[in-house]
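Participant: Listed below are the residues making up each chain.
There are 10 protein chains.
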Amino acid sequence: MSTKPSKTLETFPNPEPKRDYTIRMRIPEFTCLCPKTGQPDFATMHLEYIPDKTCVELKSLKLYMWSFREEGAFHEAVTNKILEDLAKATKPRFMRLTAEWYVRGGIYTTVVAEHAAKGFKPKPKIELP
Amino acid sequence: MSTKPSKTLETFPNPEPKRDYTIRMRIPEFTCLCPKTGQPDFATMHLEYIPDKTCVELKSLKLYMWSFREEGAFHEAVTNKILEDLAKATKPRFMRLTAEWYVRGGIYTTVVAEHAAKGFKPKPKIELP
Amino acid sequence: MSTKPSKTLETFPNPEPKRDYTIRMRIPEFTCLCPKTGQPDFATMHLEYIPDKTCVELKSLKLYMWSFREEGAFHEAVTNKILEDLAKATKPRFMRLTAEWYVRGGIYTTVVAEHAAKGFKPKPKIELP
Amino acid sequence: MSTKPSKTLETFPNPEPKRDYTIRMRIPEFTCLCPKTGQPDFATMHLEYIPDKTCVELKSLKLYMWSFREEGAFHEAVTNKILEDLAKATKPRFMRLTAEWYVRGGIYTTVVAEHAAKGFKPKPKIELP
Amino acid sequence: MSTKPSKTLETFPNPEPKRDYTIRMRIPEFTCLCPKTGQPDFATMHLEYIPDKTCVELKSLKLYMWSFREEGAFHEAVTNKILEDLAKATKPRFMRLTAEWYVRGGIYTTVVAEHAAKGFKPKPKIELP
Amino acid sequence: MSTKPSKTLETFPNPEPKRDYTIRMRIPEFTCLCPKTGQPDFATMHLEYIPDKTCVELKSLKLYMWSFREEGAFHEAVTNKILEDLAKATKPRFMRLTAEWYVRGGIYTTVVAEHAAKGFKPKPKIELP
Amino acid sequence: MSTKPSKTLETFPNPEPKRDYTIRMRIPEFTCLCPKTGQPDFATMHLEYIPDKTCVELKSLKLYMWSFREEGAFHEAVTNKILEDLAKATKPRFMRLTAEWYVRGGIYTTVVAEHAAKGFKPKPKIELP
Amino acid sequence: MSTKPSKTLETFPNPEPKRDYTIRMRIPEFTCLCPKTGQPDFATMHLEYIPDKTCVELKSLKLYMWSFREEGAFHEAVTNKILEDLAKATKPRFMRLTAEWYVRGGIYTTVVAEHAAKGFKPKPKIELP
Amino acid sequence: MSTKPSKTLETFPNPEPKRDYTIRMRIPEFTCLCPKTGQPDFATMHLEYIPDKTCVELKSLKLYMWSFREEGAFHEAVTNKILEDLAKATKPRFMRLTAEWYVRGGIYTTVVAEHAAKGFKPKPKIELP
Amino acid sequence: MSTKPSKTLETFPNPEPKRDYTIRMRIPEFTCLCPKTGQPDFATMHLEYIPDKTCVELKSLKLYMWSFREEGAFHEAVTNKILEDLAKATKPRFMRLTAEWYVRGGIYTTVVAEHAAKGFKPKPKIELP
Ligand SMILES: [Ca+2]
Ligand SMILES: [Ca+2]
Ligand SMILES: [Ca+2]
Ligand SMILES: [Ca+2]
Ligand SMILES: [Ca+2]
Ligand SMILES: [Ca+2]
Ligand SMILES: [Ca+2]
Ligand SMILES: [Ca+2]
Ligand SMILES: [Ca+2]
Ligand SMILES: [Ca+2]
Ligand SMILES: [Ca+2]
Ligand SMILES: [Ca+2]
Ligand SMILES: [Ca+2]
Ligand SMILES: [Ca+2]
Ligand SMILES: [Ca+2]
Ligand SMILES: [Ca+2]
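Chains as they are written, first to last, in our numbering: chain A, 1 to 129; chain B, 1 to 129; chain C, 1 to 129; chain D, 1 to 129; chain E, 1 to 129; chain F, 1 to 129; chain G, 1 to 129; chain H, 1 to 129; chain I, 1 to 129; chain J, 1 to 129.
These are calculated hints, taken from the structure and not from any lab test. Source: prediction; values computed, not measured. Among these hints, one or two may not hold up.
As a list, the in silico EDC-like pairs of lysine to aspartate or glutamate whose alpha-carbon atoms are at most 20 Å apart [unchecked claim]:
1. G:Lys118 - I:Glu57
2. H:Lys123 - G:Glu127
3. B:Lys118 - C:Glu84
Which bits of chain F does chain H cover? Going by a derived footprint, with three or more residues having C-beta under 8 Å, they are [stated by the list, open to error]:
4. 27-34
5. 55-64
6. 79-92
7. 109-119
Positions of the beta carbon are idealized from the N, C-alpha and C atoms, including for glycine.
Go ahead and model the full structure; you've got the sequences and the hints to work with.
Facilitator: In structure tokens, the structure reads:
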């Protein structure tokens with residue numbers, strides 16, 4: 001795997017496909033450009049998903065996030081786009097992406113998008129007391 | 001768009017209307033006047049919504065919040081009024097506004113109001129363990 | 001309105017009676033007397049309610065809380081009593097009072113009481129992801 | 001009431017038996033002995049319950065907790081035992097005891113046990129937005 | 001019991017098998033090796049379970065965690081493996097393991113896996129107000 | 001000692017008069033009346049001192065603080081007055097009183113006053129790295 | 001005293017002029033206008049001072065802060081100006097004003113200015129261990 | 001070394017006597033008895049010292065702290081006593097003991113005592129920016 | 001002023017040159033490239049200075065920080081370089097730059113560099129109690 | 001540079017030797033073995049230093065810390081040893097190492113050691129208000 005920004009998301013086989021379990025990844029190093037002003041935007045990305053057959057490979061995820069560095073991107077659109085790329089690459093049972101953008105104009109924006117596989121039926125979370 | 005306070009809320013097309021997703025905006029710079037005493041009141045506004053066809057434009061939201069600077073406004077009434085203005089401008093699937101007012105008379109008041117589109121059926125939040 | 005402790009809770013008309021919305025009030029300045037020892041007790045009161053036709057007026061709420069300053073009051077009983085007074089004065093759709101008492105005998109006590117109007121059917125809270 | 005450790009839990013009549021309400025008591029001063037090594041163990045106890053006909057008296061609760069000071073007690077067993085003693089003394093509609101034990105062997109253990117009266121049907125918590 | 005790393009998980013009889021109750025153990029001292037680079041990985045493990053006939057013995061749990069010190073282990077696989085070992089040893093009614101891994105490549109990963117006994121029907125958590 | 005508010009501050013002999021050492025007491029339960037409006041004021045008092053021949057007795061300190069409950073008192077004046085009473089009663093080598101008053105008019109006020117015995121020469125605090 | 005914004009800072013006689021002591025006031029409700037764009041700016045003001053003959057009156061301080069609501073003011077200049085006004089009105093032995101401005105352009109600015117009376121010799125703070 | 005409470009503090013040779021360095025030990029598990037009421041008292045002990053020829057052995061420190069479990073002890077006296085025992089056993093260049101006692105009568109007390117070897121000259125702490 | 005990254009730091013005249021006062025700026029949006037791997041690095045910059053004749057203009061500071069986006073830069077070197085550029089542009093009496101870099105290789109690095117004008121004599125900070 | 005544990009600490013030339021500046025490195029992934037029991041010990045290491053001619057290279061620092069994984073080491077001795085190795089390799093003007101060890105026997109130990117070059121004269125830290 002090269003060490004360049006890349007839109008290719010590599011995966012590896014889910015080591016425990018028979019079980020629904022959760023993978024969470026917090027990625028505090030995301031930056032792209034504002035399409036209106038060309039100025040840099042920054043965000044912390046929070047990914048959580050239930051893998052099906054594959055998991056996203058950590059280093060390739062880093063290079064993928066890097067690939068937005070020179071691209072113009074609106075907050076709402078790019079959050080949905082990244083979710084779609086990640087869902088397409090890993091075909092998870094369920095996936096959620098939370099993009100926590102740095103303040104602009106005195107306003108702090110967060111965008112949260114989800115993807116569910118066809119027929120995915122969420123089980124209620126078991127809350128122990 | 002001018003840089004003056006304005007009641008006009010501008011919008012842009014939702015880039016992902018086929019998906020229910022969440023937009024959150026924290027706005028710590030709200031001030032209006034107390035209708036009884038004429039003295040300034042302050043609040044932090046928290047907006048969260050599921051957009052339908054349009055999203056609220058960030059700069060116009062800032063100018064809209066500014067427009068209350070010279071107006072008298074009761075805590076409960078103005079929270080509901082702002083929610084209505086925002087709901088009318090963006091016609092969201094669901095919207096919630098939380099106004100966290102600064103302390104008055106030793107008492108800390110928060111008002112939370114919600115709007116749902118006709119026929120909106122909330123999906124239960126998927127809580128991953 | 002006088003500036004003396006008073007059991008009278010004044011109200012004003014709910015500006016948005018057609019909508020269920022929440023009002024929260026945190027009141028850190030409550031004190032009464034322990035009926036056993038006569039010594040002062042202290043608490044922070046947390047009120048939250050869905051108003052129906054009326055809302056409790058902030059200054060009168062402050063004078064009402066003041067009215068317990070010279071009264072003996074057990075933790076459990078007075079929390080229920082205040083809830084009842086507030087519910088009687090405002091006839092809310094739903095109301096909850098949380099009394100967080102200061103430590104006594106090394107033990108930190110909190111009492112939480114609720115009142116619901118006849119026929120009140122709570123809607124499930126919409127949790128956005 | 002004497003000021004000695006005591007297994008007797010005194011109670012007083014619930015001042016508001018017609019309403020389900022919550023009493024929480026945080027007790028940071030619990031210590032007993034490890035049955036294996038004889039060394040002291042420490043915990044913070046968190047009690048929460050819906051009283052029925054009686055409430056536990058605060059000072060007697062303190063003396064009861066004191067009564068474990070010289071006793072050997074395993075984490076899991078003693079948490080269940082204290083819950084049972086408290087439930088037997090107060091016959092609550094519902095009761096939960098959380099014992100947060102201090103670290104042992106680099107591991108932080110917490111044990112949570114619950115008791116419900118026969119026929120107790122928990123109402124869903126009303127979550128205001 | 002020797003003081004060496006060991007895959008053997010010892011148990012003791014659940015002192016209160018007739019009741020569903022929760023045991024939580026936070027274990028901040030886990031380390032293994034990265035199978036790709038051979039470099040050390042670190043995690044904090046959070047175990048929570050409802051015991052059935054047996055509970056896991058604390059010291060043996062510590063030695064078991066130690067046993068991964070010289071082993072190569074992928075984040076996702078080893079979290080599932082440890083859960084399985086613990087479930088096999090204690091046959092709990094329900095068990096959840098959360099592995100909070102230290103940052104790698106600027107990304108913070110957490111893996112959460114659960115095991116339920118056959119026929120286990122989770123009771124909804126009773127949330128007191 | 002009676003259980004009534006009292007201006008009498010009782011003391012006990014300093015058990016270690018040959019050493020300069022520090023006693024700190026945080027007292028979150030102070031209330032008096034505003035001399036202008038008659039309304040209750042609240043504060044958290046922080047006392048720290050180097051005792052000389054006597055230390056202030058805890059229960060008598062509590063009754064002393066209680067004695068302000070029915071008195072009118074300006075923030076600045078009463079903080080200095082309490083310091084003086086405490087210094088007069090205990091004749092410390094050094095004493096500081098910090099009164100953290102609850103918010104009034106949207107402004108949070110704190111007053112800090114100090115007393116030093118004649119000839120008291122403060123030693124620089126030894127700061128270990 | 002009227003309830004209008006006012007540049008007049010009222011004072012009252014220092015009740016303890018023979019002692020150097022500290023008064024701190026946190027004022028979270030400051031707003032003015034940006035001279036370049038005309039848009040509102042917000043800040044939290046922190047005032048701390050050693051009074052000499054007079055103290056600033058709380059309500060008049062609030063009206064004074066209000067008086068900047070319609071004025072254009074640069075961060076650095078207005079912080080120094082407010083300090084000067086306060087120092088002129090109260091002639092303190094020492095005074096410090098910290099203005100913590102809300103974020104602009106992704107940058108969080110704080111300005112801190114001090115005034116000392118002629119001949120003021122600061123005593124080193126006595127740090128108890 | 002036995003596993004019983006013991007007043008004997010064991011030491012080991014300081015491995016680096018030529019250098020002034022700091023050892024800090026936080027001990028959250030201290031309990032003794034109140035000499036007036038016989039009831040248990042609790043504290044967290046914070047020890048920090050510059051060793052000279054010897055360091056205090058961790059397990060023996062634990063047994064020493066345990067030895068107060070059945071003893072009556074006033075806050076101020078016992079803090080000074082423990083400091084003296086520790087100083088006598090280890091003869092440090094400098095030592096400080098901070099005893100943070102649990103709340104009594106609504107008042108939170110902390111006692112801090114220090115010991116310096118004869119001729120000890122504290123070096124100013126080097127504060128890097 | 002253009003909206004492009006720029007090495008030019010613009011300034012404005014210090015409005016209060018006769019007084020030593022502090023300006024602090026927190027800049028959480030800094031990114032450059034690692035000279036070894038070409039991968040993005042991120043940091044939060046903290047600037048604090050005592051201006052002399054000029055202050056750094058906020059927007060130009062933002063464009064200056066942006067100018068490192070495409071440049072390779074070692075942590076230690078670039079922190080010193082930015083300090084020098086800022087000192088050269090504003091000729092402050094004193095300036096400090098703290099660069100808090102995001103984690104690399106499991107290690108969190110911070111670099112702090114200072115510049116003082118010739119003949120600058122720091123006054124000791126006045127610490128009010 | 002290999003990717004194996006190594007006692008060799010590599011350095012690179014200080015890019016700014018004419019200035020005293022600070023480098024801080026937080027290293028949460030340290031583990032060694034207890035010489036008495038053979039069981040793993042864990043610590044977070046905090047390094048801060050003023051470099052002279054060389055700085056420690058980050059990756060080699062990581063491999064160095066790894067080199068203790070299989071070694072027995074007492075808390076006090078190994079903290080001093082690591083400081084010495086680092087000081088020998090980099091010959092800093094000043095260096096401090098803080099080792100924050102995980103809890104053992106209910107006691108949380110931290111060890112702090114410092115090294116100064118011959119003739120190093122610390123400058124007082126400039127504290128801006
Ligand atoms: Ca957020
Ligand atoms: Ca705020
Ligand atoms: Ca709130
Ligand atoms: Ca509180
Ligand atoms: Ca509580
Ligand atoms: Ca504690
Ligand atoms: Ca816990
Ligand atoms: Ca996490
Ligand atoms: Ca407070
Ligand atoms: Ca304060
Ligand atoms: Ca700040
Ligand atoms: Ca304390
Ligand atoms: Ca951050
Ligand atoms: Ca840092
Ligand atoms: Ca940690
Ligand atoms: Ca520590």
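Participant: Mind listing which of the numbered hints don't hold for this structure, in increasing order?
Facilitator: Violated hints: 1, 3, 6 and 7; rest satisfied.
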